[in-house]
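Engineer: Given the coordinates of chain D, assemble chain W onto it according to the supplied hints.
Protein chains: 2
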Amino acid sequence: MSRFTPEKHLAQVQASMDAAGPRTAEVLRAAVKHLHAFVEEVNLTRDEWFAGIEFLTRVGQTCDATRQEFILLSDVLGVSMLVEMLNTPGDGAEATEPTVFGPFHVDGAPARPLGASIVDADVGGEPLTVRGTVRDTAGTPIAGASLDVWQTAPNGLYDVQDESQPPMNLRGVFTTGDDGGYSFETVRPAAYPIPGDGPVGDLLQAAGRHNWRPGHIHLAVSAPGHAPVITHIFDRASDYLDSDAVFGVRPSLVVDMDGGEARFDPVLLPVAT
Amino acid sequence: MSRFTPEKHLAQVQASMDAAGPRTAEVLRAAVKHLHAFVEEVNLTRDEWFAGIEFLTRVGQTCDATRQEFILLSDVLGVSMLVEMLNTPGDGAEATEPTVFGPFHVDGAPARPLGASIVDADVGGEPLTVRGTVRDTAGTPIAGASLDVWQTAPNGLYDVQDESQPPMNLRGVFTTGDDGGYSFETVRPAAYPIPGDGPVGDLLQAAGRHNWRPGHIHLAVSAPGHAPVITHIFDRASDYLDSDAVFGVRPSLVVDMDGGEARFDPVLLPVAT
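In the order they appear, the protein sequences are chains D and W. FYI, the numbering for the first sequence is 1 to 273, going by this note's numbering. FYI, the numbering for the second sequence is 1 to 273, going by this note's numbering.
By construction, these hints were calculated from the structure, which means they are not laboratory data. Possibly wrong hints are sitting among the right ones.
[As the list claims (entries may be wrong)] Stretch-level coverage of chain D by chain W, calculated; a stretch enters the list once three of its residues show a Cβ under 8 Å from a Cβ in chain W:
id: 1; stretch: 45 to 52
id: 2; stretch: 62 to 71
id: 3; stretch: 240 to 254
[What the hints assert, rightly or not] With a straight-line cut-off of 25 Å between C-alpha atoms, the simulated PhoX-like cross-links for lysine-lysine are:
id: 4; chain 1: W; residue 1: K33; chain 2: D; residue 2: K33
id: 5; chain 1: D; residue 1: K8; chain 2: D; residue 2: K33
id: 6; chain 1: D; residue 1: K8; chain 2: W; residue 2: K33
id: 7; chain 1: W; residue 1: K33; chain 2: W; residue 2: K8
id: 8; chain 1: D; residue 1: K8; chain 2: W; residue 2: K8
Backbone N, C-alpha and C define an ideal beta-carbon position, used for all residues, glycine too.
Here chain D stands alone, though its shape is the one from the complex (with noise of 0.2 Å):
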């Protein structure tokens, strides 16, 4: 009698999703098929399928009302930027690129004036004025579009996560006047850490990384009509430009932020609606 094979075992595991719905059958088939190869090609040990094992469990239970470290999991694999990246349409290399969302979006920020200051307290830091104009890929100015920005104090602390901040500081949602036109005042944001101190961090520790991501504004960018961003813009005099800790950085992204004035020009595709 011939012994089983890791590919007749395969599609053996497969084929028991297939009474799933068409997409969550497609989507198991495939999660099985690539965790199959991962194991199969490096030939994963007892001991190190275990200790996989304890890591997830730890992950899991190192999750609360505050914390999710399954995301955290997520950011430092890359996956994600790369979710980011494949549910934003780029039409090439034209529109603004993503990048990741992050934990510390506030819904229903403030509406301000174009030329408002974010800062709603004395957090310090060196004054910004950050400006620019939002098109379409065509090179069109768009009217009305709008701009939901976050950031980090120079302690390198969001408003949720500093007693010392007001609710809503370093937070505002602009809107583009006739020529697509933006500008408000800030402070230059501030690099910071992700958490370290549970297993991601460990992770973190055993592949020789740090945990820090340079500092950069948040900007959500969408009007009617063209594919929204998520996205940031990165000070280009900032540490760890070339190892944030969830690979959030792209050149195009980048921007000087000396001499208290930075520009950026977000580009949004048109879609059909």
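Structural biologist: For chain W alone, coordinates are given in the frame of chain D:
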């Protein structure tokens, strides 16, 4: 400025693992490669990604001192079985096929004399004699081979799950005689469900799968100078032989248990010592 591609992104994430020890780096690079390939192949949406995050979090949070839901997940995705296959040298088709170890083995089961019963309490059920000869792949009987056996009572429960059974009921360690032979008395094993009340149960339900295993007796067979094998024998008359929830059935391991007699001849692969 050209957009980042998923390939370039993957290379960056993989490179970040290179400062780990060589084996850790190898495992992490492969894990990342297959994880990204999965996400790309199915074009995972943000909602699906988040559903996955929430599922894995629930799996982690279902684990406690007596329940390991991540092992259960590994089992129902065929990963546990694959690890066992890869870690058991087979020498073509000749040696006994392995199957899953499962969570119910207990160290220190009592040594029992050849021919003894492993039934220490009145559990009912159909009496069964199991006998056979342990041989090497050349057909030579192996004296002094050890068979560690464990199974459920006819109620589908192991001693460790069932207060009505004394500890070590339906467990025992046997040593083959000079002719390589062994035998023991027991009762016919029952089919039983794996836990279905957690997230893994929900996954099985989503895939239209049941959570049952066919009736079986576990055997861990070992002898000096030979590769040990962790395996089962399955009752040919049991339900679920074609749909074992953990994919452990192999045709070579299915035996007749009708008439109160079962025969199983383990074959071990000699290894250099």
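Engineer: List, from low to high, the hint numbers that the structure doesn't satisfy.
Structural biologist: Violated hint (a single one): 8; every other hint is consistent with the structure.
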